[in-house]
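Participant: Going down the list, the protein sequences come from chains A and B. Positions 1 to 339 (this note's numbering) are the ones given, in order, by the first sequence. Positions 340 to 678 (this note's numbering) are the ones given, in order, by the second sequence.
To be clear, the hints were calculated from the coordinates, so they are not data collected in a lab. Each residue gets a CB set at the ideal place from its N, CA and C atoms; glycine is no exception. Hints are supplied without guarantee of correctness; some may be wrong.
Straight-line C-alpha distance at most 20 Å; calculated EDC-like pairs for lysine to aspartate or glutamate [as the list claims (entries may be wrong)]: (1) B/K601 - B/E656; (2) A/K153 - A/D44; (3) B/K492 - A/E165; (4) A/K262 - A/E183; (5) A/K153 - B/D383; (6) A/K153 - A/E165.
Taking CB as the label site, the calculated pair distances span [what the hints assert, rightly or not]: (7) B/R523 - A/D44: 50 to 56 Å; (8) B/P366 - A/G201: 50 to 56 Å; (9) B/A403 - A/R59: 17 to 23 Å; (10) A/E183 - B/S671: 14 to 20 Å; (11) A/V16 - B/K640: 32 to 38 Å; (12) A/R124 - B/R550: 34 to 40 Å; (13) B/P669 - A/Q21: 24 to 30 Å; (14) A/E183 - B/A353: 23 to 29 Å; (15) A/T309 - B/R402: 47 to 53 Å; (16) A/A3 - B/R523: 46 to 52 Å; (17) A/Q21 - B/H457: 25 to 31 Å; (18) B/H457 - A/S332: 52 to 58 Å.
Facing chain A, a subset of chain B residues (Cβ under 10 Å, in silico) [what the hints assert, rightly or not]: (19) E351; (20) P490; (21) L577; (22) V587; (23) A600.
There are 2 protein chains.
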Amino acid sequence: MAAPDTIATLGEAALVERIRQRAGGPPQWVHVGIGDDAAVYAPDRNALQVITTDSLVERVHFRADWTAYESVGYKAVAVNLSDLAAMGAEPRGLLLSLALPGAFAAGDFDALIDGVLHAAAESRATLIGGNLSRSPGPVVIDVTATGSVHPRKVLTRAGGRPGDELYVTGALGAAAAGLRLLERAASPAAELENAARECVGRYERPTPRTRCGLIVGRSRGAAAAVDLSDGLAAGVRLLAQASGTGAVVDASRVPVHAGAAKLADALGEDALRLAIAGGEDYELLFAVRPRRRRAFLAAMKRAGGLPVTMIGQLTREPGVWLAGGNDRSPLSEGFNHFA
Amino acid sequence: MAAPDTIATLGEAALVERIRQRAGGPPQWVHVGIGDDAAVYAPDRNALQVITTDSLVERVHFRADWTAYESVGYKAVAVNLSDLAAMGAEPRGLLLSLALPGAFAAGDFDALIDGVLHAAAESRATLIGGNLSRSPGPVVIDVTATGSVHPRKVLTRAGGRPGDELYVTGALGAAAAGLRLLERAASPAAELENAARECVGRYERPTPRTRCGLIVGRSRGAAAAVDLSDGLAAGVRLLAQASGTGAVVDASRVPVHAGAAKLADALGEDALRLAIAGGEDYELLFAVRPRRRRAFLAAMKRAGGLPVTMIGQLTREPGVWLAGGNDRSPLSEGFNHFA
Chain A
1 MAAPDTIATL
11 GEAALVERIR
21 QRAGGPPQWV
31 HVGIGDDAAV
41 YAPDRNALQV
51 ITTDSLVERV
61 HFRADWTAYE
71 SVGYKAVAVN
81 LSDLAAMGAE
91 PRGLLLSLAL
101 PGAFAAGDFD
111 ALIDGVLHAA
121 AESRATLIGG
131 NLSRSPGPVV
141 IDVTATGSVH
151 PRKVLTRAGG
161 RPGDELYVTG
171 ALGAAAAGLR
181 LLERAASPAA
191 ELENAARECV
201 GRYERPTPRT
211 RCGLIVGRSR
221 GAAAAVDLSD
231 GLAAGVRLLA
241 QASGTGAVVD
251 ASRVPVHAGA
261 AKLADALGED
271 ALRLAIAGGE
281 DYELLFAVRP
291 RRRRAFLAAM
301 KRAGGLPVTM
311 IGQLTREPGV
321 WLAGGNDRSP
331 LSEGFNHFA
Chain B
340 MAAPDTIATL
350 GEAALVERIR
360 QRAGGPPQWV
370 HVGIGDDAAV
380 YAPDRNALQV
390 ITTDSLVERV
400 HFRADWTAYE
410 SVGYKAVAVN
420 LSDLAAMGAE
430 PRGLLLSLAL
440 PGAFAAGDFD
450 ALIDGVLHAA
460 AESRATLIGG
470 NLSRSPGPVV
480 IDVTATGSVH
490 PRKVLTRAGG
500 RPGDELYVTG
510 ALGAAAAGLR
520 LLERAASPAA
530 ELENAARECV
540 GRYERPTPRT
550 RCGLIVGRSR
560 GAAAAVDLSD
570 GLAAGVRLLA
580 QASGTGAVVD
590 ASRVPVHAGA
600 AKLADALGED
610 ALRLAIAGGE
620 DYELLFAVRP
630 RRRRAFLAAM
640 KRAGGLPVTM
650 IGQLTREPGV
660 WLAGGNDRSP
670 LSEGFNHFA
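Isolated chain A, as found in the complex:
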């Protein structure tokens, strides 16, 4: 049997053509798409373009022996769409920049592209260009996402004020619990199989809260937002810092993911700690003025009924705290990427 094609045997032009074939024809707002020196697209009337870039690095953000390349491609796009969601933007064009070893298999390449296109389609984003490079080391997947948003409906991190209520979407800790399980390379007990599948799924294929960010942004129900890529503690700190406020989070209100709670128990981990510091949940954190609470909750309902939980508030007093009973302690930081 012949050796399978690799990206070295195919060459760049064939790889770009492979992507173009898989991507199909672009929508009308794309004037120049995949394959020219740059992509060209028409912004909406009266809309701002939002743009973000984020990368997944092999052995730092993913391991190819744990996760199929389809999911890696999906996640590379999802984490960028999550940033757009946190700005209240509607996704438009994506750029994909890949640095790949020469021996990277063509089948893995196609799977990666399929994952990229799958995540894009779910949020109605379109791949409009990118770049292919060789890597002498790890696979590096860099995605740039652009989106449009009306100038007065941008959700930044800086719009919060003392007295704003903090709301978080969904439930937290599942991605971190899934990662812990992968790290231990342990098979879960039979009664934990569902929880394990759910948590690993959340880690490998996070759902960007695109519709939620868009509808909340349009409703002007929230004053500020951030996505929880590095965990709740990091998100609260970033939002408070940018808004020039402090914050208090009530430990008893943090929505811990049910499957994560089960799995944490079995792994001897603290589920609340995973929910607060674990990261990679890609839920959204909103700061909401009390007088806009009804508009915010109505928008959340219109966005499809994703659960949302009030977990604390922004404060005039500086510092970011976790309150439990009569006690409080500093809300523990997210991790340092470079340590």
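Assemble chain B onto chain A, guided by the hints.
Facilitator: Just chain B now, kept in the frame of chain A:
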């Protein structure tokens, strides 16, 4: 003496702050700049946004023992601005995505950022966001550049027709000659020092033809354009392919860089081959309708008098040829990134 700071000891927030400090305040069209989930900027009225991404990978595109990080940062931006120039776009916002080993020195980090900002300033582009990741392997520098262009003044690769004349800016082969010299790790003879400095400089710090692309695009003097990142042969092939034509290049007309010719002689290389297949010159190749020739040449003059040379034409007959005397041969391809 204390060990110098590394990116691992500083952490992400301090690194982002370092970039923000060096970058200074953004212009008015930037609504949300460095440090939020995504950047937000206002496109021009009646203008398209152009967006491109390109990366430099250590040991593939540069070697840290040859080139200072200030130049690496400069080049990472320049190669993206060159793509915008080839579309006739005016540079606007840049995103910088870095994957760096934990032991990467803080001094090199600052030098890299300074190079990025230097290249940006020269073309009036603004750093508006990005991403920082850890790399377990090589340094990977990914830049996304956005620019604006009027819808009817976009220069794509696809606008050429049989009979169009092919023009190339500047002189070719210097970057390839500079790279050959670095590869041999040889000190040039005294009388070649100037040529060597010039050629290595072209390889390390290419000048994007921003003003030239912009003014030619606005003049509608050219029907198609491509930048010569992978060499003249690759550029002619890409333009002809996208335009659905063939092409003939006259070998005697190819403008070989004078310093490259000297250096090639000393290194036992063929200067014409370096000029045709060498790559990394980042000059522009234009296809010009004969009846628009005067408008094109007038625009080139307004753009600052960068020399431009007619080197051949697009043909109805398919194939891309190099003609010399009474002979012709296939125009040799650029290199395959992945081989």
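Participant: Compare the structure with each hint and give your call.
Facilitator: Hint check results:
1. B/K601 - B/E656: Given pair B/K601, B/E656 is violated - Cα atoms ~36 Å apart, limit 20 Å.
2. A/K153 - A/D44: 14 Å, holds
3. B/K492 - A/E165: Judged against 20 Å, a Cα distance of about 49 Å means the pair is violated.
4. A/K262 - A/E183: Holds - the C-alpha atoms of A/E183 and A/K262 are around 17 Å apart, at most 20 Å.
5. A/K153 - B/D383: With a Cα-Cα distance of about 19 Å, the restraint between A/K153 and B/D383 holds, given a limit of 20 Å.
6. A/K153 - A/E165: Holds: A/K153 and A/E165 sit about 19 Å apart, inside 20 Å.
7. B/R523 - A/D44: 50 to 56 Å: 54 Å, holds
8. B/P366 - A/G201: 50 to 56 Å: 43 Å, violated
9. B/A403 - A/R59: 17 to 23 Å: 21 Å, holds
10. A/E183 - B/S671: 14 to 20 Å: 50 Å, violated
11. A/V16 - B/K640: 32 to 38 Å: Holds, since A/V16 and B/K640 (Cβ atoms, about 36 Å apart) stay within the stated range.
12. A/R124 - B/R550: 34 to 40 Å: 37 Å, holds
13. B/P669 - A/Q21: 24 to 30 Å: 26 Å, holds
14. A/E183 - B/A353: 23 to 29 Å: Holds - the Cβ-Cβ distance for A/E183 and B/A353, about 28 Å, lies within 23 to 29 Å.
15. A/T309 - B/R402: 47 to 53 Å: For B/R402 against A/T309, whose Cβ atoms are near 51 Å apart, the range 47 to 53 Å holds.
16. A/A3 - B/R523: 46 to 52 Å: 34 Å, violated
17. A/Q21 - B/H457: 25 to 31 Å: 40 Å, violated
18. B/H457 - A/S332: 52 to 58 Å: 39 Å, violated
19. E351: 5 Å, holds
20. P490: 7 Å, holds
21. L577: 9 Å, holds
22. V587: 21 Å, violated
23. A600: Since the shortest Cβ distance to chain A is 28 Å, the answer is violated.
Of the numbered hints stated above, those contradicted by the structure are hints 1, 3, 8, 10, 16, 17, 18, 22 and 23, listed in ascending order.
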